[in-house]
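Asks: Single-letter residue listing:
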Amino acid sequence: MDAESLLLSLELASGSGQGLSPDRRASLLTSLMLVKRDYRYDRVLFWGRILGLVADYYIAQGLSEDQLAPRKTLYSLNCMEWSLLPPATDEMMVQTSVVKGRFTGDPSHEYEHTELQKVNDGEKVFEEEVVVQIKEETRLVSIIDQIDKAVSVIPRGALFKTPFGPVHVNRTFEGLSLSQAKKLSSYFHFREPVELKNKTLLEKADLDPSLDFLDSLEHDIPKVEP
Amino acid sequence: MGDPPPAPDPSAPQPSSRRSSQVSEQRSQERAQLPPAVPDGVQQMPLDAQVLRSSQEILESQANLQSWSQGASLSPYEQLAMFQAEEAQLGGMEYPSLNTGFPSEFLPQPYLDGGGIQVPGNASLMQQLQHGRGNVFQELESAYQEPRPDLLGQFSMYQREDLQFSASAQHGPYMSDDPALQFSPSELGFMSFSMQVPEPEPRELAVQNAKAYLLQTSVNCNLSLYEHLVNLLTKILNQRPEDPLSILESLNRTAQWEWFHPKLDTLRDDPEMQLTYEMAERQKALFVRGGSGEGEQDMEEEVTETAVPNIMETAFYFEQAGVGLSSDESFRIFVALKQLVEQQPIRTCRFWGKILGLSGSYLVAEVEFREGEEEVEEEEVEELTEGGEATEAHGEEEGEEDEEKVTDVIPKPTWKPPPVIPKEESRSGTNKFLYFVCNEPGRPWTRLPHVTPAQIVHARKIKKFFTGRLDAPVISYPPFPGNEANYLRAQIARISAATHISPLGFYQFGEEEGDEEEEGRAGRDTYEENADFEGIPVLELVDSLANWVHHRQHILPQGRCTWVNPLQKTEEEEELGEEEEKADEGVEEVEQEIGPPLLTPLSEDAEILHTSPWTTRLSCSLCPQYSVAVVRSNLWPGAYAYAIGKKFENIYIGWGHKYSPENFNPSLPGPIQHEYPSGPEIMEMSDPTVEEEQALKAAQEHALATAEEEEEEEDEDEDEDADD
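Listed in order, the protein sequences are those of chains P and X. Each residue of the first sequence is one higher than the last, beginning at 1 in full-length UniProt numbering. Each residue of the second sequence is one higher than the last, beginning at 1 in full-length UniProt numbering.
Simulated from the structure, these hints should not be mistaken for laboratory data. From the three backbone atoms N, C-alpha and C, an ideal C-beta is built for every residue, glycine too. Honestly, I wouldn't trust all of these hints.
[Stated by the list, open to error] Below, a sample of chain X positions facing chain P; criterion: calculated Cβ distance under 7 Å:
(1) Leu609
(2) Thr615
(3) Leu622
(4) Ile653
[To be verified] Residues from chain P that keep clear of chain X, each with C-beta distances beyond 12 Å, as calculated:
(5) Val35
(6) Leu51
(7) Val99
(8) Thr104
(9) Glu110
(10) Glu129
(11) Leu196
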């Protein structure tokens, strides 16, 4: 949710039962303003909240001019002080895929995971049990990245691509009409397109290169009737 | 495409050609039309595709008309046809300058009928036509529309259907429809000449058949061919493109596309959004205060206690905790609950929560009926089941009779279905409360049926999202006994039993100390509010989980709250199954299942993966004086409870599933049953062939023969020995 329209977006998204208490809302509004000024972001989005056992993480993302560039992720425990998270890498994903269970809420907490690793000791090869420590911060980063890649959605027409490459917010976007809003094809994944190049030339001919440059939700698995 | 128009025929129309018969019809109709005067009423007739089609064809024939120069014996009907054609066209199109424009623009289409019509003195005819006597056309139109016994109307109908048929003459599906087509043209001419009213029924019928066929809606959408062609021809006539025949295909496709993609006009408002209007209408009904009544009296009555809880207050406290629906949705829920209380005889009511679904969500209200009100529905259900049992018994008797007649008794399977565990009585255990659901505030509330232990047991094994429709089937393995309403009720029961908590001391057991020993095993199931409860400070509530207790009974693995021995049979069953009882006894002994007793503190709940199943929070750390203690369940994500002072409340907003650290794996189907063991008694062996049998027989005879020889030799030996 955009920091500027935070209150309205929270109202609209309240159907799922998750919301923010008034004190959190107030502190978010002020702190996100400060984050935008300090880090010089073009847009600051309130990404959401990850529940933990002891404390909850509040996550925000900052975008630069080019909307599709990799985003900076920040987290906070009290909606006031924000810390930057490192960008996600594939190694992190592999490493953290073994951790299960809830987040504790303590960013310095380390999960222990025992692995069998082959250790070469001269000519002998034997397996040793190695205890791998995984930091909760790493897990946080990879989970946020996975969630973004899977479910970050944007309606068609909200962003447009300039001929030079960068992607901008479309200021003339007025929203989708009622019939368009019911179709899955009017929504795109807000990430680097993966399936676009697999489309046939016939399909590509129907697309508008300035608006249809992202993957649509139509072909996602599992398919659900609307 | 079509055949080139036949050469203009000066003589009488040829009987062999159907087209010319039509032409003669046209002529006859025309002639008859000329005498009548200008009609009175001018009616605006809606665009008629038949008319369009026929008029288009008439246009072509009219164009031909102009090119003809030969004058021949033209029956008045031909002129009538032309006149009528243009009338139809004009009336249908409502274009004043039609007649001047058309003949030049539309070239004679080869596939349309351009029969050899000759109209002597067509110039005068054309002048008459070109004077734009629209009212005449419209009268004809009206004649066509209303089934008056009007000669002209009859002719016009017939003519139009003819022309329409001729459009598809190459396909020719309608020829059999119209009985009149089989007549020879001379007969037709004769009939029309005499100006008798022909039988209207077959022609009308044919016309109506044809129109009905055209009005059939397509399988894919709600559009019919009729409407589409109307649309298409209107577009063509509006736009007047050059050479429309060659672009007909693309025009057709564009018209079809536009039907489904209405152009969004940025200047004008969209009159769509009917769904949202309907919803608003429905919700408007909620906001109207029920009853007629005058102002003040009603207010006083309503201020007294009502069963509807104070939802706004609850919503406020949950909002402090960061949970809950937006305030206007909470208000709508409040008004909807008020409506429910008015409709049903309810003693207490509570908003249980919201269960999200794929196509729609459920708002759940937990109610308790007043005494005695509930039995009506249960009796109906019992009657149905008893009726079912009676028919089953009857069926069994018949089956037994049949079996006696059959000599070979089919071996009965030894498998017996496991005994059905009876469901709990209403107002006790899992069925303590009744639940009503609705999809949105404003929609009617539906009552959920009571839950049976079998449903709870199965609900523990499956994990399906709710769709939002109560009658949706739940397709799963192991198969769930019931539809979505039953699954929903089972999940509600599980969630309530697991997550409804209250501060320690709010509820206490009743003062019945004498029964403690007897009830020791079963556990108590009643509690009452503690009048002396003085609230626990919020900080203590947050710090220790022992300050919270469950006030709902735990559900045993059996699926009930109180244990029932499934092997105990009722009296009826004992009479029937005396012989079988002896076999069963001693084979199975079921242990009694015991669960934690009522009012157990949360600290005794089992852990999940070394983490506590509950998380406590203070709602606002910046102002602990006024904040609320919030408890969140880790086992059922979405279940929350708050407490402050003497107030507390539980709510569930979520998808209705338990938390599991692993992804859900549906249970595998059971192992494959063993086949009957192969032994020699069932081994198939091929019968010996004829050669083998003969060989065996020969071998046996040979053995016999040798045996006899040996005996003889022995006898001889013995004789020899004896002799010696």
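Asks: So, for every hint listed, does it hold in this structure?
Replies: Cross-check of the supplied hints:
no., hint, result
1, Leu609, "holds, 5 Å"
2, Thr615, "holds, 6 Å"
3, Leu622, "holds, 6 Å"
4, Ile653, "holds, 3 Å"
5, Val35, "holds, 20 Å"
6, Leu51, "violated, 7 Å"
7, Val99, "violated, 10 Å"
8, Thr104, "violated, 8 Å"
9, Glu110, "holds, 15 Å"
10, Glu129, "holds, 20 Å"
11, Leu196, "holds, 24 Å"
Against the hints set out earlier in the document, violations occur for numbers 6, 7 and 8.
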